[in-house]
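A.B. asks: Okay, here's what each chain looks like letter by letter:
There are 2 protein chains.
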Amino acid sequence: MKSDRLIYLPLGGAGEVGMNCYVYGYGPEGAERLIVVDLGVTFPDMDGTPGVDLILPDIAWLAERADRIEAIFITHGHEDHIGALAHLWPRLKAPVYARAFTAHLGRMKMEEAGLDPMRIKTVAAWPETVTAGPFTVGFVPVSHSIPESAGLAIDTPQGRVVHSADFKLDPTPVVGEPFDRDLWAEIARPGIRALTCDSTNVFVAHPGRSEASLAEEIERLVRSAKGLVAATTFASNVARLKTLAEAGQRAGRSVCLLGRAMRRMITAAVETGILTDFPKTVTPEDAAEIPRENLMLLSSGSQGERRAATAQLSRGKYLGLEMKEGDLFLFSSKTIPGNEKSVLRIINNFSEMGVDVVDDASDRYHVSGHANRPDLVEMHALLQPQMLIPMHGEHRMLRAHVKLGQDAGIPGFVAPNGAMVDLSGNAPRIAEYIEAGRTYLDGAVQIGALDGVVRDRIRMALNGHVMASVIIDEDGEMLGDPWCEVRGLAETGRSKAPLAEVLEHDLGRVLASAGARLLADDDKLEDAAKRAIRRTAMDEIGKKPEVTLVVSRLG
Amino acid sequence: MKSDRLIYLPLGGAGEVGMNCYVYGYGPEGAERLIVVDLGVTFPDMDGTPGVDLILPDIAWLAERADRIEAIFITHGHEDHIGALAHLWPRLKAPVYARAFTAHLGRMKMEEAGLDPMRIKTVAAWPETVTAGPFTVGFVPVSHSIPESAGLAIDTPQGRVVHSADFKLDPTPVVGEPFDRDLWAEIARPGIRALTCDSTNVFVAHPGRSEASLAEEIERLVRSAKGLVAATTFASNVARLKTLAEAGQRAGRSVCLLGRAMRRMITAAVETGILTDFPKTVTPEDAAEIPRENLMLLSSGSQGERRAATAQLSRGKYLGLEMKEGDLFLFSSKTIPGNEKSVLRIINNFSEMGVDVVDDASDRYHVSGHANRPDLVEMHALLQPQMLIPMHGEHRMLRAHVKLGQDAGIPGFVAPNGAMVDLSGNAPRIAEYIEAGRTYLDGAVQIGALDGVVRDRIRMALNGHVMASVIIDEDGEMLGDPWCEVRGLAETGRSKAPLAEVLEHDLGRVLASAGARLLADDDKLEDAAKRAIRRTAMDEIGKKPEVTLVVSRLG
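Order-wise, the sequence lines are chains A and B.
Residue numbering for the first sequence follows the working numbering, beginning at 1058 and increasing consecutively.
Residue numbering for the second sequence follows the working numbering, beginning at 1058 and increasing consecutively.
I should point out that these hints are in silico values taken from the structure, not numbers from a laboratory.
Please note: incorrect hints may appear among the correct ones.
Remember, identical chains collapse to one label, so a pair may be satisfied in a single copy or spanning two.
Straight-line alpha carbon distances no greater than 25 Å define the calculated BS3-like cross-link-like pairs of lysine-lysine that follow [stated by the list, open to error]:
#, residue 1, residue 2
1, Lys1601, Lys1398
2, Lys1398, Lys1587
3, Lys1391, Lys1178
4, Lys1587, Lys1283
5, Lys1166, Lys1178
6, Lys1460, Lys1398
7, Lys1178, Lys1581
8, Lys1150, Lys1553
9, Lys1581, Lys1374
10, Lys1166, Lys1381
11, Lys1337, Lys1299
12, Lys1587, Lys1178
13, Lys1553, Lys1178
14, Lys1601, Lys1283
15, Lys1178, Lys1381
Keep in mind the model is a prediction, meaning the values are calculated, not measured.
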């Protein structure tokens, strides 16, 4: 019989910022009992995933072993950690554990998906623990940009593993628990076999700043404004919303929340007792009656999301409210790579209105929720793990994080998505490579990233699309002329005649001269039609479109 | 008779960074003689312009007045200033003037488009001038990130206007002329009626750094490398290529240029006498034989362009060359907003190979080609224009630039694309709004941005596409069942049956129960079919696809 082993397997989040999903296992090889940490999403974009609603980790490996899953732990309520829960849970069906605020958000997701919200169990912070097969897991509070983020202390028969989750070292986080060095030192006391650690900000050289450091600067900015003040941040950043709202209040302004996501987060924080003293807010209807110099709006959509309140304000009236010459708009947020153009569009819209925009370039009105380089060094020193496995980052970040650990004498290891690491020995080693990938939520359906569906969309967008219809009669002969419709292509080209007509004419000629054998064979017919259409289109408009041929065979 | 007036009209570049095209006119209202400054392009992206090859300014207004155009002046050879020349020239047909290096690049473009390269006249630097109707125009050298950029001194019957073009205040630009304060003071002496001025870097607070300041840092970096060193920058940044190549040479490395664009620029610079002492380069074939610690590659594609040398190196072998563990890759360039994801993809690919990447985050190996905020203040002070009209920038930049001028007592004015400004009075005023917009070069055809072609592509990419074919026989009845083909949609949905079959079945049922009048009317038939298909698709997969119906009527 083989001896038991301790494994770690990232299925998402190691090689990207987003879509976090990590697996730990313990037991005989191939029969390990498993726990899952986080089920997050990442967001689609027009470049690579047009039309897709959400990107989920491919959990095929896990789903095939669902009977071996003891529990799912959610470290905090950010979408890249909890967003896939309700979409993937039906294939895993294990009990879900989270702290109160996170559990609250998770239950809302389960309910919306028609699932039983009571599958999610609330767990108190360390020293409370959950026993899940060979694992005993405790939620150890960390500070982050959402309430109740928690690192996990995972006790196994081979010692303790710490999964840092998303964290920063903030002694004054405004909402929620400060980072507690003594508590973490206690966690470290028995010795840490491995630390899987957040790598997001490994390239940021200065020590992280506290959330509390923003209050004064923001208040000064709000006080300096003559007209309406509006600000945006991540809806889940409850502490920032509080800082912004309090700055508004102290500057003599009524505060109005715009956007469902923001109101939802505030409500969740109040209902779970995390937020006790948020300034009183007014409704948008009431806000419209308040003199603009006495009003502060907090609007959702800091990443330029087209339908969010911020984007709508930048395009004109929203719920009766409107930005004007002399107003101030504050982005109390960082723009995530890929969202720059959307955010700049909003800033330029505001500029056209005469609104002064303060963005993250100033670095005075936003702090990150992740540990910077010196903070990571401190965390390593605090935990002194036997080995460091960076997670939550692009490959370049994981690689830099390993080097950072090595500088302090901690051996590290880049384990990208799909790399199953055996943590049992003195040094980690790759045990196996698992097929890890992405699944797209597309409308109501989950499709594989490699199914070709999205590839076809991209091709239609790049090349345009020609649909041709050919009727073959009972005798195997072409009935009438072929018909063509074009979509996403110039209406006329070199010959100045309508493109569809030129295509029909040329296709008709090609097929008329083709033999009966070609017309009888769907594949050959399609091939010939595609070639004819592409050749003509290339001549006419200099493009080779996608072609779909519909062959109708009568009789 | 109306009195003569002096007008300024941006058709591109005022409200964006890119697609520069500015018009000046002098004469009676509606009969002004015109000159055009720059004919640039901007680049398409998947978000808004999938499949498009280039974005050109919409010059309909100019083309209708082609008989009034005296000349076209190209300030420098960057694509956002010269890229549309050969595409738009046939509609303008005016003589084109540029300095030698720019003219050389322009002639290559004309030749490739089958146009007469001799339409482009070479002009020497100031004090040489070109007389174009009521205008006398001189090319006054400025420093920038391409050789021979020139501001224009435009003398009119109402005084001198200065069009700054793209510039920085660089006393040691490595290649080309330094910024010459005395020369510009001389230009300013008669008084400047208006300054139209580059706004790109108005938000950059520190004074610009000289190109020459990079040599030492880059050489130090190259010397520190143990393995192969590769670097990328804009192909047109001849000075930077020289700095990089010399650093390689001094560090004992042979230099190899990868990428057609780069070799082309170097050749143009040598042929026009601007570049006299570029280090000797080796071919890729020879480079493959040189020990990697003695080799430096300069590769094109600093913005992550998929087909450029840099991206290819990041994916594996390119022309027999390959990056490996311990090699160094330097981005001696800034990532333009919108290109972040492409550049990060390359950096992460290199990270997976074990290559150390140095990017623009360090700010040590790249300097901008545009005047920063303090440099703009200096330029304003040097020229002391009666009025300032910012150009070459997003709206937020133009607006900030106006404020900057106002701080120094210079009245300014945001004139976005399409705003015709009358410069005749003491203060500028908008005379008229012209329809300004964008034209897409799509394959071999130019299409209007509002033609709906690209909108259709985006819709197909977001929603997928269903093609249905219905045959109506001589009696006006449906012949057989409808046929459906789907593209860019999940193959199966809720019912687990193939989506195309479910659509065919439902569509067949709907049309079978439709009356003869509906089947006889193409529009009504199409409407009914679209509704039926979208409803079924929504039920099956939760998406409403684009639908194209091909109706074949027999007889």
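A.B. asks: Does each hint fit the structure? Answer for all of them.
C.D. replies: Now for the hints, and whether the structure bears them out:
1. For the identical chains of this complex, Lys1601 and Lys1398 are neighbours neither inside a copy (29 Å) nor across copies (27 Å), given an alpha-carbon limit of 25 Å.
2. With identical chains, the CA atoms of Lys1398 and Lys1587 are never at most 25 Å apart, being 37 Å at best within one copy and 34 Å at best between copies.
3. When the C-alpha separation of Lys1391 and Lys1178 is checked against a cutoff of 25 Å, the pair qualifies neither within a copy, at 33 Å, nor between copies, at 48 Å.
4. Proximity of Lys1587 and Lys1283 under a CA criterion of 25 Å is satisfied in neither setting, with 64 Å inside one chain copy and 52 Å between copies.
5. Taking the closest pair of Cα atoms, Lys1166 and Lys1178 come within 25 Å of each other only inside a single copy of the chain (14 Å); across copies the shortest separation is 67 Å, beyond that limit.
6. Taking the shortest alpha-carbon separations for Lys1460 and Lys1398, only the inter-copy value of 24 Å comes in at or below 25 Å, while the best intra-copy value is 33 Å.
7. In this assembly of identical chains, the alpha carbons of Lys1178 and Lys1581 never lie at most 25 Å apart, being 59 Å within a copy and 55 Å across copies at closest.
8. Taking the closest pair of Cα atoms, Lys1150 and Lys1553 come within 25 Å of each other only across two copies (22 Å); inside a single copy the shortest separation is 61 Å, beyond that limit.
9. Taking the shortest alpha-carbon separations for Lys1581 and Lys1374, neither the intra-copy value of 57 Å nor the inter-copy value of 37 Å comes in at or below 25 Å.
10. Taking the closest pair of Cα atoms, Lys1166 and Lys1381 never come within 25 Å of each other, the shortest separation being 37 Å inside a single copy and 45 Å across copies.
11. In the homo-oligomer, the alpha carbons of Lys1337 and Lys1299 lie at most 25 Å apart inside one protomer (11 Å), although the nearest pairing across protomers, at 62 Å, exceeds that limit.
12. Proximity of Lys1587 to Lys1178 under the C-alpha cut-off of 25 Å is found in neither arrangement, the shortest distances being 57 Å within a copy and 46 Å between copies.
13. For the identical chains of this complex, Lys1553 and Lys1178 are neighbours neither inside a copy (68 Å) nor across copies (34 Å), given an alpha-carbon limit of 25 Å.
14. Within a single copy, Lys1601 and Lys1283 get their C-alpha atoms no closer than 56 Å, and across copies no closer than 46 Å, so neither meets the 25 Å cut-off.
15. In this assembly of identical chains, Lys1178 and Lys1381 lie within 25 Å of each other by CA distance neither inside one copy nor across copies; the values are 48 Å within and 48 Å between.
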